[in-house]
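Make the full structure from the sequences, and use the hints.
Chains V and W, in that order, are what the protein sequence lines are.
Everything in the first sequence is counted per the numbering used here, starting at 1 for the first residue and increasing by one.
Everything in the second sequence is counted per the numbering used here, starting at 1 for the first residue and increasing by one.
Per the computed footprint, the stretches of chain V lying under chain W, defined by three or more beta-carbons under 8 Å from a beta-carbon of chain W, are:
1. 5-15
2. 36-49
3. 56-67
Quick list of in silico lysine to aspartate or glutamate cross-link-like pairs, EDC-like style, CA-CA up to 20 Å:
4. W:K95 with W:D319
5. V:K81 with V:D139
6. W:K420 with V:E10
7. W:K283 with W:E265
8. W:K420 with V:D3
9. V:K79 with V:D50
10. V:K42 with W:D390
11. V:K135 with V:E91
12. V:K79 with V:E91
13. V:K141 with V:D84
14. V:K110 with V:E10
15. W:K420 with V:D6
16. V:K42 with W:E360
17. W:K95 with W:D311
18. W:K95 with W:E260
19. W:K420 with V:D14
20. V:K79 with V:E60
21. W:K261 with W:D231
22. V:K141 with V:D26
23. V:K125 with W:D372
Worth flagging that the hints you see were computed from the coordinates, not collected in a lab.
From the three backbone atoms N, C-alpha and C, an ideal C-beta is built for every residue, glycine too.
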Amino acid sequence: MSDLSDLYQEVILDHNRRPRNFRRIDPASHHADGYNPLCGDKLSLTLQVDGGSIADVAFEGSGCAISKASASLMTDAVKGKSVDEARSLFERFHRMVTTPPDLPVEDMGKLSVLAGVREFPVRVKCASLAWHTLKAALDRKAAVSTE
Amino acid sequence: MTSVAGMRNAERRTRTTEGTKPFDVQRVRADFPILRRQVHGHPLVYLDNAATTQKPQVVLDALTRYYTDINSNVHRGVHNLSELATEAYDGARTKVRRFFNAASDREIVFTRNATEGINLVAFAFIRPTLQPGDEVVISAMEHHSNIVPWQLVCEERGARLRVLPMDDRGELLIDQLDALLTDRTRIVAMSHMSNALGTVNPIDEIVRIAHARGIPVLADGSQAAYHMPVDVQALGVDFYVATGHKLYGPTGIGVLYGREKLLEEMPPFLGGGDMISSVTFEKSTWNALPFKFEAGTPHIEGAIGLGTAIDYITGIGFDAIGAHERDLLEYGTTILESVPTVRLVGTAPRKASILSFVMENVHPHDIGTIVDREGIAIRTGHHCAQPVMDRFCIPATARASLAIYNTRAEIDALGAALRKVHEVFG
Chain V
1 MSDLSDLYQE
11 VILDHNRRPR
21 NFRRIDPASH
31 HADGYNPLCG
41 DKLSLTLQVD
51 GGSIADVAFE
61 GSGCAISKAS
71 ASLMTDAVKG
81 KSVDEARSLF
91 ERFHRMVTTP
101 PDLPVEDMGK
111 LSVLAGVREF
121 PVRVKCASLA
131 WHTLKAALDR
141 KAAVSTE
Chain W
1 MTSVAGMRNA
11 ERRTRTTEGT
21 KPFDVQRVRA
31 DFPILRRQVH
41 GHPLVYLDNA
51 ATTQKPQVVL
61 DALTRYYTDI
71 NSNVHRGVHN
81 LSELATEAYD
91 GARTKVRRFF
101 NAASDREIVF
111 TRNATEGINL
121 VAFAFIRPTL
131 QPGDEVVISA
141 MEHHSNIVPW
151 QLVCEERGAR
161 LRVLPMDDRG
171 ELLIDQLDAL
181 LTDRTRIVAM
191 SHMSNALGTV
201 NPIDEIVRIA
211 HARGIPVLAD
221 GSQAAYHMPV
231 DVQALGVDFY
241 VATGHKLYGP
251 TGIGVLYGRE
261 KLLEEMPPFL
271 GGGDMISSVT
281 FEKSTWNALP
291 FKFEAGTPHI
301 EGAIGLGTAI
311 DYITGIGFDA
321 IGAHERDLLE
331 YGTTILESVP
341 TVRLVGTAPR
351 KASILSFVME
361 NVHPHDIGTI
371 VDREGIAIRT
381 GHHCAQPVMD
391 RFCIPATARA
401 SLAIYNTRAE
411 IDALGAALRK
421 VHEVFG
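Right, here's the structure in full:
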């Protein structure tokens with residue numbers, strides 16, 4: 001069960017139980033809906049971007065522990081960052097969760113708890129849904145699907 | 001949980017092929033080589049049978065034998081191998097006809113799967129005469145393959161899809177069916193058994209209500225056909241579809257039963273070789289039933305494998321299969337209900353072999369991942385039945401589905417794994 005506890009670390013369980021920024025910003029400058037048809041996970045992301053920086057970000061929706069915790073951690077990570085910094089975090093996070101499990105990955109601080117998802121290929125989409133939704137919102141796309 | 005005995009009695013008929021040996025689940029398990037493998041260091045506990053069942057060695061052998069001994073195209077060669085392949089292919093059709101007690105081999109069309117069977121009826125039987133304002137009636141518990149084909153033809157022709165609702169236990173409100181039917185209703189299409197809830201629907205009663213108004217009925221037997229005897233004549237259905245890979249047979253082979261008179265009146269679905277009797281550039285004429293609906297080289301080894309699987313099932317017999325699976329369902333219900341926060345979804349009085357459930361504060365996908373690490377395969381998600389999930393206001397369920405080779409010990413393993421889930425998320 002050691003690999004299971006890699007996936008379901010205490011930080012993830014905590015963010016699943018008490019997701020941060022779990023609300024809707026209204027009115028918002030940017031928004032997108034993320035959908036994972038395989039799981040039925042739905043995520044609605046709203047942002048307030050002022051002068052190229054993310055003043056506020058929030059999410060709502062239903063999903064598994066991994067997708068919910070990932071969305072919660074992501075909102076904490078990008079809040080106060082510039083749009084360019086958020087895009088770069090997306091690239092780094094994407095690289096981290098898609099690197100084969102036997103290869104080393106960059107330390108991404110709190111976000112590194114999701115590196116355990118690499119051992120569970122079918123769950124990588126759960127971890128990346130929020131990030132793809134963020135990218136869609138910043139690109140002004142209304143919806144994104146991970147299929 | 002009451003049993004499905006009432007329904008079974010109604011559908012039972014004389015069968016010369018019922019098994020005679022006492023049922024021994026360990027002997028059955030020995031017939032399925034995949035059950036000997038390990039997953040994540042644990043013996044495989046396969047509880048995803050509603051998605052597809054495992055295959056007995058006799059079916060695997062039949063596929064190998066076909067390719068090593070008689071591989072050849074059917075219905076066209078005069079040479080020996082073609083004769084043998086044709087005999088085996090059409091022989092499989094006769095086995096299927098007996099299995100579903102159809103009146104004639106001409107009423108058995110081989111398809112790729114149940115989905116293709118429904119599409120064939122939607123496009124070749126309904127679409128040619130579908131008028132704006134016409135209606136197709138389905139039920140609230142259909143999976144996507146008995147929803148989308150009807151939507152396609154209805155949208156194209158300005159016809160309307162109407163839905164028979166169900167109650168909180170997952171039982172159809174049959175009392176409301178008659179009121180739903182009008183002189184514009186063209187067909188009633190309903191599942192014999194729900195893949196997401198396990199509910200067994202009273203197809204004979206549905207047929208009685210629909211036929212009283214002259215409306216034909218299609219029943220989707222994807223789930224029912226491997227759990228209970230199906231007699232298309234006793235049920236009175238006009239069309240019945242099933243899929244081979246759930247009948248312990250290969251993938252890519254399915255069955256459409258159609259009443260001969262209706263199949264005769266229908267235009268072909270797909271055009272090509274084998275479905276014609278003559279072709280000129282001006283006009284072609286159609287082959288006799290059932291070949292009119294089997295264009296191109298068919299899935300020969302699939303049909304032969306399915307025939308072998310049917311021999312295997314009837315060798316055990318539905319009396320033994322039903323008794324064993326009812327015991328597992330009752331035992332599984334008790335075990336799952338004893339796990340903290342587990343709630344079963346689908347508790348109709350007449351149900352079979354499906355344990356769909358949710359756990360408080362745990363998403364089904366997390367359940368699926370944790371039990372998988374114990375070697376236990378269950379399905380998690382919407383089971384290709386999103387409207388069913390919406391009806392119960394849940395995004396998804398976890399589903400354990402049972403088959404002939406499952407045991408009480410496997411149910412115990414699932415119960416123990418679910419307690420672990422509760423520990424992680426509790």
